[in-house]
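Participant: Sequence:
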Amino acid sequence: MRLLEVTITKYKSFLTEQIVPIEGSCTRLVGKNESGKTAFLEALSRFNYFDEKDSSYKFNKTLEYPRTELKKYESENPENNLKVISCKFSLKAETIDAIIQDCGENVLLETTIVASRDYNNALSISTPKVSEKAFIVNYILKIGIPEGHKEELAKIENVNDFCTYLSSHEETKSIAETLVKTFSFGNLKEQSLLSKYLMKKYIEPRIPKFWYFDEYFLLPQRIPLSKIAGGIVDNDFTKPQLEISRALFELARIDVKKLITDNNHEAYIAELEATS
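Under the working numbering, the first residue of the sequence shown carries the number 475, and numbering increases by one thereafter.
Worth flagging that the hints you see were computed from the coordinates, not collected in a lab.
One or more of the hints may lead you astray.
[Stated by the list, open to error] Subject to a maximum C-alpha distance of 20 Å in a straight line, what follows is the list of computed PhoX-like cross-link-like pairs (lysine-lysine):
1. Lys616 x Lys655
2. Lys701 x Lys562
3. Lys527 x Lys701
4. Lys566 x Lys701
5. Lys674 x Lys562
6. Lys701 x Lys713
7. Lys616 x Lys647
8. Lys486 x Lys557
9. Lys545 x Lys557
10. Lys566 x Lys674
11. Lys624 x Lys607
12. Lys603 x Lys675
13. Lys532 x Lys511
14. Lys486 x Lys511
15. Lys557 x Lys532
Given the structure is predicted, the values throughout are model-derived calculations rather than measurements.
Given the sequences, and given the hints that come with them, work out the whole structure.
Facilitator: As structure tokens, then:
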């Protein structure tokens, strides 16, 4: 996914909603002193930090909601569910191709999604707009349907009715069972089943993770893999060293526990060199 736009609301120095478009070639953030650059980067890192266990990269209304408005916010919003940050992303071509391979052509009607995180640190992701009718047509062409049912099925517009119809006829019941299992259509009373399926399978796992340091950290000369795997910090391996080392392996997509037990390290070395 590519980040297109960031919206921040009521975070530290951001007293009003701020919408920041992100250009495709953007590599740096430039601004005057005290203009909100650090607050912007902090909020972005808290949106989906690469280390989920690091509690210092979670939103905290007491520390981060604008101080002069905090009491009013607490009284008016006891649920604490204000969306601090919303990020608009565009789907990559390979994700779109995977959806087409799975569901057929003309099913996905938009290629951008919006994900938001609130002061409770709950992540919400918009479900993509889809054509359930196109999905039904594609599915019928893919698996084949007994001739006597095609006229009735041509009238059906949504996945719920499609599954219900197939389940109600003996000769198509097995098709319905396969459909429900394959696409996780568990509760047919629930709406937007196809959108939720695509969101869970193709979008949520691909939401980018962010990595932010407010100062420079150097990699240690020797990196103890066992301490990274166990999250161990001591006098010889400090928390900043653990974080920068873990971030490097995360960026290189290397499983440290697997690396420890694997005897062939050449591939891992190549990955680290490429990442560096």
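Participant: Indicate, hint by hint, whether the structure satisfies it.
Facilitator: Outcome of the hint check:
1. The hinted pair formed by Lys616 and Lys655 meets the criterion: a straight-line CA distance of about 16 Å does not exceed 20 Å.
2. Distance check on the hinted pair: Lys701 and Lys562 sit about 36 Å apart at the alpha-carbon level, beyond 20 Å; violated.
3. This hinted pair checks out: Lys527 and Lys701 have alpha carbons roughly 15 Å apart, not beyond 20 Å.
4. For the proposed pair Lys566 and Lys701, the alpha carbon gap of about 35 Å is over 20 Å, so the pair is violated.
5. With a C-alpha separation of about 17 Å, the suggested pairing of Lys674 with Lys562 holds against the 20 Å cut-off.
6. Distance restraint check for Lys701 and Lys713: the Cα-Cα separation of roughly 11 Å lies within the 20 Å cut-off, and the hinted pair is therefore satisfied.
7. Between Lys616 and Lys647, the direct Cα distance comes to roughly 17 Å. Compliance with the 20 Å bound is thereby established for this hinted pair.
8. Under the criterion of a C-alpha separation no larger than 20 Å, the hint pairing Lys486 with Lys557 is consistent with the structure, at around 14 Å.
9. Pair hint Lys545 plus Lys557 holds up; C-alpha atoms about 17 Å apart against a cutoff of 20 Å.
10. Restraint check for Lys566 and Lys674: the C-alpha separation of about 16 Å stays at or below 20 Å, so the hint holds.
11. A threshold of 20 Å between alpha carbons decides the hint, and for Lys624 with Lys607 the separation of about 14 Å falls inside it, so the pair holds.
12. A distance of roughly 15 Å separates the Cα atoms of Lys603 and Lys675; the hinted pair therefore holds under the 20 Å criterion.
13. As the CA atoms of Lys532 and Lys511 are separated by approximately 18 Å, the hinted pair is consistent with the 20 Å bound.
14. Our distance criterion of 20 Å between C-alpha atoms is met by Lys486 and Lys511, whose separation comes to about 11 Å.
15. Straight-line distance between C-alpha atoms of Lys557 and Lys532 comes to about 13 Å, which keeps the hinted pair within the 20 Å bound.
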